[in-house]
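Colleague: Which chain is which? The protein sequence lines are A and B, in order. Numbered by the working numbering, the letters in the first sequence go through residues 825 to 1166 in order. Numbered by the working numbering, the letters in the second sequence go through residues 825 to 1166 in order.
Treat the hints with caution; some may be incorrect.
Copies of the same chain look alike in the list, so a pair counts if it works inside one copy or between any two.
Computed list of lysine-lysine pairs in DSSO-like fashion (alpha-carbon distance at most 30 Å, straight line) [as the list claims (entries may be wrong)]:
id	residue 1	residue 2
1	Lys959	Lys1080
2	Lys1080	Lys924
3	Lys1141	Lys1003
4	Lys959	Lys1150
5	Lys1080	Lys1141
6	Lys1003	Lys1047
7	Lys1154	Lys924
8	Lys931	Lys1165
9	Lys1047	Lys958
10	Lys1047	Lys959
11	Lys1047	Lys1141
12	Lys888	Lys1004
13	Lys1080	Lys1154
14	Lys1080	Lys951
In short, the hints are calculated from the structure, not lab data.
Now for the letters of each chain:
2 protein chains.
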Amino acid sequence: MLPTITWDNDRVILIDQRLLPAEEVYLECLDHIQVAEAIEQMAIRGAPAIGVAAAYGVALGVQKMEESGDWDGEFDRILTRLENTRPTARNLFWALERMKQTFDNHKHLALLQLKETMIQKAISIDKEDVDTNKKIGYWGRELIQDGQNILTHCNAGALATAGYGTALGVIRAAFEQGKKIRVFADETRPLLQGARLTCWELNKDDVPVVLITDNMAGHLMKKGQISAVITGADRIAQNGDTANKIGTYSVAVLAKEHGLPFYVAAPLNTIDFSLTDGDAIPIEERNQEEVKQLAGQCITVPDIEIHNPAFDVTPAKYITAIITEKGIAKPPFELNLASFKD
Amino acid sequence: MLPTITWDNDRVILIDQRLLPAEEVYLECLDHIQVAEAIEQMAIRGAPAIGVAAAYGVALGVQKMEESGDWDGEFDRILTRLENTRPTARNLFWALERMKQTFDNHKHLALLQLKETMIQKAISIDKEDVDTNKKIGYWGRELIQDGQNILTHCNAGALATAGYGTALGVIRAAFEQGKKIRVFADETRPLLQGARLTCWELNKDDVPVVLITDNMAGHLMKKGQISAVITGADRIAQNGDTANKIGTYSVAVLAKEHGLPFYVAAPLNTIDFSLTDGDAIPIEERNQEEVKQLAGQCITVPDIEIHNPAFDVTPAKYITAIITEKGIAKPPFELNLASFKD
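Next comes chain A alone, as it looks inside the complex:
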């Protein structure tokens, strides 16, 4: 099996996450438009993976530039197309900013050299993401005790990143230490990333995993069957307010009600230091068909009205700790996240 994202000379190869676990199909993207479409259609998803894919998308776009072209104008169009794919994940914009900085710093070079520099930058963002996740795992594993049952929501695993995962990176690291843990995976409607991706990943790695529907978590907590919750993040504000897959907020409220720790695992590039709190995080409303259909079949009255917010914001007061590659931040997050800033 290939990693989630692979750079292969003149193209980006992505595992098509819409088809997992039934089929293992790889998509080849030959230009930035194909990468943008793969992000929009969620063939690739997960905030860090979106960032890495977008970086490669920029690199692909630059490869099409011609000596006589309007480089700046073309670069802006590439950036705009990729920026407009999905609004919530901070990592997307972070990666695009890094690629723009690299472009601006090297656009005085010969075109061939500029092209190679952009590729190398995207590869470094990719590699850095895996290293970051290993560090998140290293710090986070100390929060997990032998014998615990860990609830996770959506997929913040190898598939959501360049590899290893954030929330699942912590789980992997604890498991690799020999801790006997058991993961409860929320199926995560509407797109079932928990049922399809988290179960698939953990099962492959022999980490014990139990699948539940999203509405079972509260019941299991009340029965004492959950020890802690850990999720990823799509964007974190200065104060720790965290946007993540729809349903995360409900799980956080339930964890608080049952006195359970609620951890967020995310790289520092998920943090949006320009936002004082989570109120300004844009929440993507996705296509109603995602809710209306399950496995391609209409599950309700065809013309029913539907809400489909893809994310929610968990206020910092529900979060026990945020696990980053530089260490674990506890409240007050304003202070403790800022101390990790470059």
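Keeping the supplied structure of chain A fixed, place chain B upon it in accordance with the hints.
Modeller: Only chain B this time, still in chain A's reference frame:
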């Protein structure tokens, strides 16, 4: 369209709720075994509807009795078969007790007369259920204000009862008063009673309804888009602890966290006065395939471990009021529910 359950001479006709809303198919049950299977397989579901169906099942069973047979032995076998269908809904056992009492009081009669008496008793349980729901609606509608958005979980509607519904009965009664309300329906995994049945029923009656996945309720509450929650019940203990469809407890915790009223609408025969609290309510664990499959399609890794509790228990402290046919009970429920007892 026929009602949820119809007695037609020598058979019981049930709308097959597994196929709604795609297909409107009616099942004919000719004996108590077929009724028991329809209950087990959830062709008919919803606590009050299960009670009514079971009463008709007993009546059907008695029709097969012969002059020379062991009436008491046969009756016990009929009762046992129906008792063993599903463990949680109180209404099932209540209806079977009523049918047994009727049998015991009339078994000195001629067989033909006994058979007719059993049919008439089942019909009266059926009719009584609709009257009860109208009364629940009458009392409950005062709790709903013009312009409110009401969240409901699962289906406690006409389909879950002999007609009109409990939670949806209250919604119907408020709507019939001219109150401009809007219903948010949790889809209710795994069997999607919200998406399939609640949306179908309310849509038919022109009550505005918006479908959401179960994990969106918290987000909508935080955004101020929900005014109150109302659900049905499968069994209520003396102290008000309420077993209902899995996920109800999570919604109740979320309602409390957001300062929203959480109402339970149920007939008095849902109350189990023999239980001091909800800890002793048996929670049915159903087949893993319900979570794993949708319309024959596997949505996860085929050999994954799955939990599938069909119900959870919401402790009384999360419940604002219980709406019954005799009026609205507020805490302390021990006292106020007991005052409604016959």
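Colleague: Each hint needs a verdict: does it hold in this structure or not?
Modeller: Now for the hints, and whether the structure bears them out:
no., hint, result
1, Lys959 - Lys1080, "within (27 Å within a copy, 38 Å between copies)"
2, Lys1080 - Lys924, "neither (41 Å within a copy, 47 Å between copies)"
3, Lys1141 - Lys1003, "within (29 Å within a copy, 37 Å between copies)"
4, Lys959 - Lys1150, "within (7 Å within a copy, 62 Å between copies)"
5, Lys1080 - Lys1141, "both (9 Å within a copy, 17 Å between copies)"
6, Lys1003 - Lys1047, "within (22 Å within a copy, 39 Å between copies)"
7, Lys1154 - Lys924, "neither (33 Å within a copy, 62 Å between copies)"
8, Lys931 - Lys1165, "within (28 Å within a copy, 83 Å between copies)"
9, Lys1047 - Lys958, "neither (33 Å within a copy, 36 Å between copies)"
10, Lys1047 - Lys959, "neither (33 Å within a copy, 35 Å between copies)"
11, Lys1047 - Lys1141, "both (24 Å within a copy, 17 Å between copies)"
12, Lys888 - Lys1004, "neither (50 Å within a copy, 57 Å between copies)"
13, Lys1080 - Lys1154, "both (15 Å within a copy, 26 Å between copies)"
14, Lys1080 - Lys951, "neither (36 Å within a copy, 45 Å between copies)"
Comparing the model with each numbered hint stated earlier shows that hints 2, 7, 9, 10, 12 and 14 do not hold.
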